[in-house]
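Engineer: Now for the letters of each chain:
2 protein chains.
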Amino acid sequence: MEALKNRILSDGQCIGSDIIKVDSFLNHQIDVALISEIGKEIARRFSAKEINKILTIEASGISIAFATAQSMNGIPVVYAKKGSPATIVEGVYRTEVTSFTKRAVSAVTVSKKYLSKEDNILIVDDFMARGEAALGLVHLAEQAGAKVQGIAIAIEKEFQGGSEKLRQKGYEVLSLAVIASIEDGHITFR
Amino acid sequence: MEALKNRILSDGQCIGSDIIKVDSFLNHQIDVALISEIGKEIARRFSAKEINKILTIEASGISIAFATAQSMNGIPVVYAKKGSPATIVEGVYRTEVTSFTKRAVSAVTVSKKYLSKEDNILIVDDFMARGEAALGLVHLAEQAGAKVQGIAIAIEKEFQGGSEKLRQKGYEVLSLAVIASIEDGHITFR
Numbered sequence: 591m592e593a594l595k596n597r598i599l600s601d602g603q604c605i606g607s608d609i610i611k612v613d614s615f616l617n618h619q620i621d622v623a624l625i626s627e628i629g630k631e632i633a634r635r636f637s638a639k640e641i642n643k644i645l646t647i648e649a650s651g652i653s654i655a656f657a658t659a660q661s662m663n664g665i666p667v668v669y670a671k672k673g674s675p676a677t678i679v680e681g682v683y684r685t686e687v688t689s690f691t692k693r694a695v696s697a698v699t700v701s702k703k704y705l706s707k708e709d710n711i712l713i714v715d716d717f718m719a720r721g722e723a724a725l726g727l728v729h730l731a732e733q734a735g736a737k738v739q740g741i742a743i744a745i746e747k748e749f750q751g752g753s754e755k756l757r758q759k760g761y762e763v764l765s766l767a768v769i770a771s772i773e774d775g776h777i778t779f780r
Numbered sequence: 591m592e593a594l595k596n597r598i599l600s601d602g603q604c605i606g607s608d609i610i611k612v613d614s615f616l617n618h619q620i621d622v623a624l625i626s627e628i629g630k631e632i633a634r635r636f637s638a639k640e641i642n643k644i645l646t647i648e649a650s651g652i653s654i655a656f657a658t659a660q661s662m663n664g665i666p667v668v669y670a671k672k673g674s675p676a677t678i679v680e681g682v683y684r685t686e687v688t689s690f691t692k693r694a695v696s697a698v699t700v701s702k703k704y705l706s707k708e709d710n711i712l713i714v715d716d717f718m719a720r721g722e723a724a725l726g727l728v729h730l731a732e733q734a735g736a737k738v739q740g741i742a743i744a745i746e747k748e749f750q751g752g753s754e755k756l757r758q759k760g761y762e763v764l765s766l767a768v769i770a771s772i773e774d775g776h777i778t779f780r
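From first to last, the protein sequence lines are chains A and B. Okay, so the first sequence: first residue is 591 according to this note's numbering, each after it adds one. Okay, so the second sequence: first residue is 591 according to this note's numbering, each after it adds one.
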């Protein structure tokens, strides 16, 4: 998606060779017009699939998931919640996710009320690095017996292997901007 | 707002006399059509004010803030981040907020890059109880020298005094559903 790639080039900040900060438009300050367009594009690319619910993870996936759902006839969004790994909560599906950027493990949960075997899920998130968050969401959907129809990501750092891992498991992965490398502050898209 | 009140009555779950769970449509599963309508209504009610940015707090404020911004010509949304009170981060405005429902203190931060004295802010959140989160967001805006043009809340529990506190400080507070009391599982709106 050209508008997103151009924005990453103009406003993204490279940190070392594996982190790119996009908090001016994606995950702290939100460019509402751009995120609305991202949602439209994801909806368009998955229009051939039967999808009745979007699954994302708090907090930075929410705006993209919401915009996507608006372009998919207002289907519901469910966002998984992060908490302390030690907290036991009843009535939830639970998995653990290691954040690449934060280098911390979180328990991630979804209420059993909001995922079921009748659901055809599209997983949506802002970033994919090693695929930990998406794999966690897949794991939650599997526990519920829900079918994962695809995984849509705004920005993928391909060199960290996440999408490869998910495709090997048989999932369709759509990334709107695929970063092949970050070198000396210079971003190369695939 | 009638649609929201009706939804609270049909789907809200009362817990004791001071908590109402609305995670089936507002803060875990999101009813995208309803939240889009909430955003439109907030935008309509503040249409006479000069507002160039929406400030909210992760995670449950994000969808409402995003929908509101869409109806305000796509102005940016900034969401404050919650973290451990002990974590020191450079380059941020910082305050502390005690969550009524979670009974925990969080540090709440916004990057100095995304709030400034040129900003005319609308604060948006899903819930108001004792007003802690909104007061925290006001405090962040004040640190930046930004002007708070108003505070918009989806569901207010009036009996917990938050909006009264904020109005006494001179802020305009709009709540789309104002709960006067919760007694024996029965909700009374003002």
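It is possible that some hints are incorrect.
Only pairs whose alpha carbons sit at most 30 Å apart, straight line, appear in this in silico BS3-like list of lysine-lysine [claimed, not checked]:
#1 A:LYS703 with B:LYS672
#2 A:LYS692 with B:LYS702
#3 B:LYS702 with A:LYS703
#4 A:LYS672 with B:LYS692
#5 B:LYS672 with A:LYS595
#6 B:LYS630 with B:LYS611
#7 B:LYS611 with A:LYS737
Hints in this document: simulated from the structure, not taken from any laboratory.
Engineer: Name the hints, by number, that the structure is in violation of.
Structural biologist: 3
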